[in-house]
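S.K.: Using the sequences and the accompanying hints, generate a full structural model.
Which chain is which? The protein sequence lines are Y and E, in order. So in my numbering, spot 79 of the first sequence is number 79, and the numbers just go up one at a time. So in my numbering, spot 98 of the second sequence is number 98, and the numbers just go up one at a time.
If you are wondering where the hints come from, they were derived from the structure by calculation, not from laboratory data. Even for Gly, the Cβ is constructed at its ideal location relative to N, Cα and C. Check each hint, because a few of them may be wrong.
Now the in silico label distances, taken between C-beta atoms and shown as ranges [said to hold, decoys possible]:
1. E:Arg-22 - Y:Gln-14: 26 to 34 Å
2. E:Val-114 - Y:Asn-95: 42 to 50 Å
3. Y:Ser-28 - E:Gly-16: 17 to 25 Å
4. E:Thr-101 - Y:Pro-8: 39 to 47 Å
5. Y:Thr-10 - E:Thr-71: 33 to 41 Å
6. E:Glu-79 - Y:Ala-29: 28 to 36 Å
One-sided excerpt, in silico: chain Y residues whose CB lies under 10 Å from chain E [said to hold, decoys possible]:
7. Val-13
8. Gly-43
9. Gly-55
10. Ala-70
11. Ser-74
12. Gly-103
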Amino acid sequence: GENVEQHPSTLSVQEGDSAVIKCTYSDSASNYFPWYKQELGKGPQLIIDIRSNVGEKKDQRIAVTLNKTAKHFSLHITETQPEDSAVYFCAATSNTGNQFYFGTGTSLTVIP
Amino acid sequence: DAGITQSPRHKVTETGTPVTLRCHQTENHRYMYWYRQDPGHGLRLIHYSYGVKDTDKGEVSDGYSVSRSKTEDFLLTLESATSSQTSVYFCAISPMGGKGTEAFFGQGTRLTVV
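M.R.: Shown next, in the form of structure tokens:
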């Protein structure tokens, strides 16, 4: 099955700086890569996703890049704010499976 | 928020007792999932369902069973609770089980086994 690895496990940045979280996957059939944000005491919520037919997607301060050849994808948050502090999960799925394969999460702290 | 309700939200139970957690959806999505979340392990899949009475095991299914008798309800049962099953449990739903579509998560159930 698919194996998704996520790094780093913890990340601290100063407010206004950028944050980058990286994930790798093993199954070349994976073609949909969602990113989730989990705030304390809540369930994960989708913040951005990317499909394998594009290399980059941007939504305001958040962007995701995908390198299919290297099998890795990254989340980029620019101009970080304290409310960006949360746990972020990457995931991968394919058209042939029924499951979401999640990374182990990154705890992001934005220091005011 | 997607129409997902988990109950109870918090539960404390004793070792050896059976426990059932409920996930109810109003979205009519085909796929439903149960995950557990523990520090350092992220979200681990316990069981999932791809239709009424159709279920399959995830990576950490030992000690758990599930049932889905209606599209809207997916029950997770801990047959004989152990302290290692103390965790936060999340239900998720998806219209297509991935395949280019996202999963929507419930608010979680915090279970403590003493």
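S.K.: Compare the structure with each hint and give your call.
M.R.: Hints versus structure:
For Arg-22 of chain E paired with Gln-14 of chain Y, a C-beta distance near 43 Å fails the hint of 26 to 34 Å. Our hint of 42 to 50 Å for Val-114 of chain E and Asn-95 of chain Y holds, since their Cβ atoms are close to 44 Å apart. Between Ser-28 of chain Y and Gly-16 of chain E the C-beta distance comes to about 45 Å, which lies outside the given range of 17 to 25 Å. Our hint of 39 to 47 Å for Thr-101 of chain E and Pro-8 of chain Y is violated, since their Cβ atoms are close to 28 Å apart.
The given range of 33 to 41 Å is respected by Thr-10 of chain Y and Thr-71 of chain E, whose C-beta atoms sit roughly 39 Å from each other. Our hint of 28 to 36 Å for Glu-79 of chain E and Ala-29 of chain Y holds, since their Cβ atoms are close to 35 Å apart. At its closest, the beta carbon of Val-13 of chain Y sits 21 Å from a beta carbon of chain E; the interface hint therefore is violated under the 10 Å criterion. Among the interface hints, the one on Gly-43 of chain Y holds; its C-beta lies about 3 Å from the nearest C-beta in chain E, closer than the 10 Å criterion.
Violation of the interface hint for Gly-55 of chain Y is found here, the shortest Cβ-Cβ separation to chain E being roughly 17 Å, above the 10 Å cut-off. A least Cβ separation of about 21 Å between Ala-70 of chain Y and chain E goes past the 10 Å threshold, and the interface hint is therefore violated. Hint status for Ser-74 of chain Y: violated, given a least beta-carbon distance of 17 Å to chain E, over 10 Å. Interface restraint check for Gly-103 of chain Y: the shortest CB-CB distance to chain E comes to about 6 Å, inside 10 Å, so the restraint holds.
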